[in-house]
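**Student:** Put the complex together from the two separate chains, hints included.
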Amino acid sequence: KAGVTQTPRYLIKTRGQQVTLSCSPISGHRSVSWYQQTPGQGLQFLFEYFSETQRNKGNFPGRFSGRQFSNSRSEMNVSTLELGDSALYLCASSLEVSGNSPLHFGNGTRLTVT
Amino acid sequence: DQQVKQNSPSLSVQEGRISILNCDYTNSMFDYFLWYKKYPAEGPTFLISISSIKDKNEDGRFTVFLNKSAKHLSLHIVPSQPGDSAVYFCAAFESGGSYIPTFGRGTSLIVHP
Chain A
1 KAGVTQTPRY LIKTRGQQVT LSCSPISGHR SVSWYQQTPG QGLQFLFEYF SETQRNKGNF
61 PGRFSGRQFS NSRSEMNVST LELGDSALYL CASSLEVSGN SPLHFGNGTR LTVT
Chain B
1 DQQVKQNSPS LSVQEGRISI LNCDYTNSMF DYFLWYKKYP AEGPTFLISI SSIKDKNEDG
61 RFTVFLNKSA KHLSLHIVPS QPGDSAVYFC AAFESGGSYI PTFGRGTSLI VHP
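Sequence order for the protein chains is A and B.
The first sequence begins at 1 in the numbering used here and counts up one residue at a time.
The second sequence begins at 1 in the numbering used here and counts up one residue at a time.
Simulated from the structure, these hints should not be mistaken for laboratory data.
Beta carbons are placed, not taken as given, at the ideal position from N, Cα and C, and that holds for glycine.
It cannot be assumed that every hint is accurate.
Pulled from the structure, derived: some chain B residues nowhere near chain A, Cβ distances all over 12 Å [to be verified]:
(1) Q2
(2) L11
(3) L34
(4) E42
(5) E58
(6) V78
(7) P82
(8) G83
Covered stretches of chain B (in silico footprint by chain A; criterion: 3 or more residues with CB under 8 Å from a CB of chain A, positions within the stretch not fixed) [stated by the list, open to error]:
(9) 45–54
(10) 93–103
The shape of chain B in the complex, shown without the other chains (with noise of 0.2 Å):
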């Protein structure tokens, strides 16, 4: 059972638009999230992570936005650039557990310029 799921494999966006990717969990004791950015050939690279206390975290013209009672969490990317094409994971783990991150299967982003 995926405690964590990303339900966009895809999603396709025009160039300085905003670019939106969801994540939804199941596991209420997760109270960590990250978001890894993935290009072809390359390992995955931390991008942006928020914790549980907050409701929001901004780094540049990358925001996730957590909403705990919906268990889902969000990034925002304004504006959109044709570098910003890359597939996005989201990860989630128990800051109290085994620290190990569970991964969603990750969303395809296309910029188109």
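The following block holds chain A by itself, in its conformation from the complex (with noise of 0.2 Å):
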């Protein structure tokens, strides 16, 4: 069974721009959350989607935003990168709602925002 897919691996852009991250679910899994991970910090989490609808969202400005597809694939979008941005964004996939059933992570996108 393929495990969650997130592309691209590695991202640079400059300060302004924006991007869209892309993350597969492992198939049957109905809910993708994501999160940022920066040095020494923890994950933070972003927002969680099931079923095409977003059931939580974190404590992150508006310029981060995300949708999830019928076949349960999400993307992510960040506008106005800001340098404060670089980041680790992980996304994570589980079979019912979070905390249901344990999060499986993807490797991650890394954003360096330049």
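**Tutor:** Encoded structure:
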């Protein structure tokens, strides 16, 4: 069974640009959540989608947005990039909503903003 | 304010010995706890969990202990192996709430051969 796939693995963008990250969950998983990890920080929750609906949102500015498609694949978009957005962005899928079943993480997208 | 704290950024242990990773939390509503392991360039992988109705859960070499009164949990790895060298994240959530886990900042474990 294929794991969670995130593309691309690495991205370099300039301040002010926008970026879209993609996540394909494990087959059959309906919940997809996104996390930001920066050096010295834990995983900061961004948002969670279940059956194409955003269930929860973390404490991030509106520049961070996401969506989920009918096949459960999810995208995350960051507009007007800032230097502080440089981080590892992790996507996780679970069979049901987060908490009812363990999260399965992808290997992440490393975003560098210059 | 950090609701889940892993106060030791790193831990070094000899192969064969016990590794003890600690985690403290402040939110008394948290009732489900998980440990994840992360290797460099990979995403975290689920290791073991414990519900607040238990004070211990064991899975092979890994045991998690929960002390609700102290709001403290620990992960014991016995015996430690070099392949256990990774960053370990503690996570907690309130099952009657948003179900979103709150993660600690991680502890980097190095097991020396």
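**Student:** Indicate, hint by hint, whether the structure satisfies it.
**Tutor:** Here is what the structure says about each hint:
no., hint, verdict
1, Q2, "violated (8 Å)"
2, L11, "holds (16 Å)"
3, L34, "violated (7 Å)"
4, E42, "violated (5 Å)"
5, E58, "holds (17 Å)"
6, V78, "holds (23 Å)"
7, P82, "holds (22 Å)"
8, G83, "holds (18 Å)"
9, 45–54, "holds (count 3)"
10, 93–103, "holds (count 8)"
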